[in-house]
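**Student:** Take the two lone chains, each set in its own frame, and fit them into one complex as the hints suggest.
Going line by line, the protein sequences match chains A and B. First residue of the first sequence? That's 65 in my numbering, and the numbers climb one at a time after it. First residue of the second sequence? That's 19 in my numbering, and the numbers climb one at a time after it.
No wet-lab data here; the hints were simulated from the structure. Mixed in with the good hints, there may be bad ones.
Claimed, not checked - Derived list of chain B stretches under chain A, where covered just means 3 residues or more per stretch with a C-beta under 8 angstroms from a C-beta of chain A:
{"#": "1", "stretch": "32 to 43"}
{"#": "2", "stretch": "198 to 211"}
To be verified - Calculated Cβ distances over 10 angstroms to all of chain A for the following chain B residues:
{"#": "3", "residue": "Lys81"}
{"#": "4", "residue": "Tyr161"}
{"#": "5", "residue": "Pro180"}
{"#": "6", "residue": "Gln235"}
{"#": "7", "residue": "Gly270"}
{"#": "8", "residue": "Ala316"}
We put the CB at the ideal spot given by N, CA and C, even for glycine.
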Amino acid sequence: MAPTLPPPRLLPSGDSAITVEFSRNIDDAANRRVLALDRELAAEPIPGITETVPTYRSLLVHYDPVQIDFDTLGEKILGFVQRPVPASTKTRRWRIPVVYGGEHGIDLEDVAKTLNTTPDEIVARHVAGDYRVAMIGFTPGWSYLSGLADSLHMPRRKNPRLLTPAGTISIGGVQTGVQCLAGPSGWHLLGQTAVRTYQLHRDPTFLLEPGDNVTFTPVDAKTFAEQDRAAEAGEFIAEQIAS
Amino acid sequence: MSKLVITSIGPASSVQDGGRPGAQRYGLVPSGAMDRLALAAANTLVGNEPFAAAVEVGPFGAKLTARGGAVRVALAGAPRNADIAGRAVAPDTSATLADGETLTLGFARGGSFSYLAIEGGIAGEPMFGSLAVNARAGLGSPYPRPLQAGDELQTKAASGAPERRIELPAAPEAPIRVVFGPQDDEFADETKKLFLDSEWKISATSDRMGYRLEGPQLKHLHGHNIVSDGTVNGSLQVPGNGQPIVLMRDRGTSGGYPKIATVISADFGRLAQIPAGRGFRFRAVSMAEAQAEARKFAELLRTLPERLRAIESVDLNIDALHDANVAGHAVNAVDAGTWHAVSMAEIAGPD
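Here chain B stands alone, though its shape is the one from the complex (with noise of 0.2 angstroms):
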């Protein structure tokens, strides 16, 4: 049995899987990664199942070392530094620590999530079929909290299987898709149009339960109060001060707050990958459209063996990122479109 030992890590970070839906009715949250086509990726490339758990990376550094034998890895998600015993380790590719050399990751560039995937899995004690962290609930294994300096990973020792790397769509910058509703009707159709025309920021008092959005205030037709009823993940509810939130995988299962519209789920990933402070828009899309772009990102998701490649091409890859990482770009999960002027049906809605 090999083990990653944790040196150093910054706050939120937290091992995550594919979550743990099919309790929400008791008010349990399914959690999970926040970037899930980097977990797959990551995942992908050690020849785990796509949504075996990995150590979730939050916007800040860490250093884990191998102990006990050679550990086998993946990182993807948010580009940053990466070395092991000063060998630098590309994104979106798989390396092998050797017994007692360390796995050092800068801050993440562009990005706040990255994925570092095990060979054979994080070992721990599923519930409800999932090792995700929940802090609030005390689930999670094998801590039930943010990982600390001291945690201990175990896992399987390293196959030596060959490296590789796997290629994922680039897509430009673009605006976030939502649908509107389900309480749209409570804004007035010139607030849905500033929310549609402003650009936002979010907040550096975000987590994983929710995005702050700063931007203009967006005003309620009927005051801020509803009551309670079900969330997903990409709520985007407004409060009494006008500024949204936008609910993310630690999210609670009801909320009391209108929401306007509900981030798409291929663009989720994409919207949780976004440095706050950084300016982002949103853009109004048809609920044929969001469908459509749900089935191609699961299409991505089941076709990722087929983009793995080997590893001797890496160089000119690595140009490739970097090109990407100097331009700092959110990771993206699908080819989001292009800015394009919102239409008045579009600010409509959908119902």
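Chain A on its own, in the form it takes in the complex (with noise of 0.2 angstroms):
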């Protein structure tokens, strides 16, 4: 039998939106449950909302309050999570291809440096990982994934770099991401992929979903720059391996 879970915490953000609150730390079993909810919400539509965002451990549910108020879809939404969680259908599975250290991937000897190996080790280690896309925030393309391995997680740098590149695949204590704009960022560089999770222009946008699986191929950096050039050009360079 199923364990009975604790209903999510419903927070009000304003007038126009509600934090369902399922953990308040990063938790797979939590980021399933918001995955879920997401799922069904966008299955099942209830009027008045507008826009839902997925994150680790909660689901920000855009709202109208023309058309529906706090408590009215409070109450609805509490109505959905006390159904089981229903295994995710359809999973998507991407490879993306990353150019390890290096001017790629400027903290690659220091993060090997401070947990006592090698960076080939390193690199093994984070190609070894089968991750999930926990969520995508902050900027656009930012994806936040869960399932780094125990031994590769560190405290995020003490001083945020302001401008780290585009593509850059880095690690920030037990997540790891992609990060598509260049931008500030407190994370360790391990390296750069030339995969655009984001480009205007293009179909989709948005290459990654919140839920989609990820894993890492290492490459060179002659290949890292052919795609590069590809990618500018609209290819997706991530493979898609199963769906």
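**Tutor:** Have a look at this one:
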């Protein structure tokens, strides 16, 4: 018999959004419930909901307070989450090429030193992982992945960098991520991918969805450069290995 | 085809509209006008849809010249001096530039953003249904960045329709209303009371992404890191230094600092218009009151066309508006209530 799951907390996020919080921590089970609720709300839309934003541990539900109020929407959401968590039906699986180290991953050596091992071993551990897109947030296409090996967990940098390159693959805390646009980051830079998780004028504009599975495969700098040119022309580069 | 050619413009001016909601799950924030009422009022004056793209003019001035034909415009939002070839343009009115004439906008007085709507709209290529500039995401049209001298905005020739003014409800200067949450339980009751009892100022380092507030330090109960969750317009997040940041239209879609409270949607535009350095306060309201205000605000937006008036009576109105400018009030979104003592029940928040 399935264990009874605690109900989520319904937290007001202003007058036009509810944070449906399943956990306060990064928690794989909570994230699966977030993504399940997200799927169910997409399949059976509640009038008044304008968009949903899944995160590690909560689903942010934006709504129009002219159409539905906080209490009514909250009750309807609690009705959804009392159902058993359905197994996700279709999982997309992507293989993302990464050039590790050197100018493409300037923190690889330091990470290896900190974790008392070699850069090659860090790469081996990172490519061995089977990751899931837990959430996409902050800036377009920034994909937060769960499933990082315990042996790669390490605190974020004390001084975040103000500008890290587009396509950066990094680790921070218990997470790894694919950064699409150049921007600030306090994570440790292991490598770079040519894959654009967000690219204007491409169909689809956004490649990854919350809930997708991701693995990484190492490539050399020459291959990266070729892939980068092809990606600029609109190719996905990421290989979809199952659907 | 007419166009407005920008001959000079200050920073923090960009093309904005109702924004591009729907892709926050991919990290794409909606952006859009900081003051939606002012945008809608300006557009209504020239017969556009309320959330059509317009020029959001930041605190500094601008000069725009009509080329290729006449251009009809309307200005609403922060009060500022405006003239067309020396003819004064009153706030909340439409006016027409003849071919070759220049519209000169002064600095904002008692507000931050004005909206210059253009009859027929601004020609551009919408992405996700919007022309709104989001420079970080490389989005916006006709230019995916803030406006600068030399930029050209293509539009339709002026229709020759009679000029109008619009009567917007005046509101007293009143606290910005918030509802507590989603992480107000990360703060002690006395910290929440301090938040409400204190005067705050918007820092000059603020921008469309966030307004940094200066005031007393708000202490966290359990440290300043939470696992990132979703943000909304008006989220009041409190980073490690204890100085809150109000997340504005170009915010990140997720954030990792506790959010003590959220500005109610009906007051967001009024907060956006508070100039840097001026003191203001917050007042906590119930969810029921916040949602009643949201419905009133939606009704105000819906009935803007009923507030259009012929320009003939503009003289009286100009006097009234000048009085308001002298007082230096921000443009208010709605009647925002009055100052009153905060009860402990309100401090405890809705949960």
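**Student:** Take the hints in turn and mark each one as holding or not.
**Tutor:** For each hint, the structure was consulted:
1. 32 to 43: holds (count 5)
2. 198 to 211: holds (count 4)
3. Lys81: Consistent with the label, B/Lys81 stays out of reach of chain A, its closest Cβ about 31 angstroms off (over 10 angstroms).
4. Tyr161: Per Cβ check, B/Tyr161 is outside 10 angstroms of chain A; nearest 14 angstroms; holds.
5. Pro180: At roughly 33 angstroms from the nearest Cβ of chain A, B/Pro180 sits farther out than 10 angstroms, so the non-interface label holds.
6. Gln235: Fine: 21 angstroms to the nearest Cβ keeps B/Gln235 off the interface.
7. Gly270: 4 angstroms, violated
8. Ala316: Given that some Cβ of chain A is not farther than 10 angstroms from that of B/Ala316, nearest at about 5 angstroms, it is violated.
Hint check: violations occur at hints 7, 8; the rest are consistent with the structure.
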